[in-house]
Amino acid sequence: MLVQEMTYPGGTRVLVWRLEEEAPRLLALCREAGIPVEDLEELPVKRQREKAAERLLLCHAFGWPVTLLHDGQGAPSLQEMEVNISITHTMKLVALAWNEDLIIGLDAEQDDRSQVIKVRNKFLNASEQQFISPDHLAAHIIAWTAKEAVIKAERNSAIDWTEGITVEPFEALAGETSFFARCSDGRYRLITRCAEGHYITVAVPVVP
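According to my numbering, the sequence shown is numbered sequentially starting from 230.
Mixed in with the good hints, there may be bad ones.
Here are the simulated EDC-like cross-link-like pairs (lysine to aspartate or glutamate), alpha carbons at most 16 Å apart as the crow flies [stated by the list, open to error]:
1. Lys321 x Glu249
2. Lys275 x Glu250
3. Lys321 x Asp340
4. Lys351 x Asp389
5. Lys321 x Asp341
6. Lys321 x Glu425
7. Lys275 x Glu251
8. Lys351 x Glu392
9. Lys321 x Glu250
10. Lys347 x Asp364
11. Lys275 x Glu234
12. Lys321 x Glu270
13. Lys321 x Glu251
Computed beta-carbon distance windows for the label pairs [unchecked claim]:
14. Glu261 x Gly426: 25 to 33 Å
15. Gln233 x Arg411: 27 to 35 Å
16. Asp414 x Pro253: 42 to 50 Å
Everything labelled a hint here was simulated from the structure, so no lab data went into it.
Here the structure is a predicted model, which means the values were calculated and not measured.
Idealized CB from N, CA, C, for every residue including glycine.
Please model the complete structure; the sequences and the hints are all you need to start from.
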């Protein structure tokens, strides 16, 4: 079910689909909208749900069925369309972000994903561990989604999570958290919002 559309500074928009429907219902919705789904029918049910929701979001965003492509890094793009997109999935949610001018990254995680605290040493560097308390779950999830969003914006899955990206100090807020991160020679503005039991983070490059 399409539950929310969010807008961000710089022209970024995000659509959120809460995954409540079973795969047959999502496939039926696609067919009703004229979206091809024949290639999905042999996939595992979980992938059917994700992919069908992706296509419904894309159709809602642009007004007609569009073809989703992926490059060698897995980064998504749209056939014959000059628009930058990013997609994220969890067990309960699919979200789509797009921006006509800037390459962006999007990530989402459930707000109760306590496992991230157990692996903090694998994705937080020394400077980040100084301001993210070991027991602050929200701050850990926000930092995790920030790094994943930056990696997606960089279109480079080989970036080291700890030393390759540095999240600048932030205070985790209940509604919206705005902060910055550095990666290579660039800097990103990150905005995390809480929706549907998730932290959803968008990364947008800071243009000099």
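Hints breached by this structure | 11, 12
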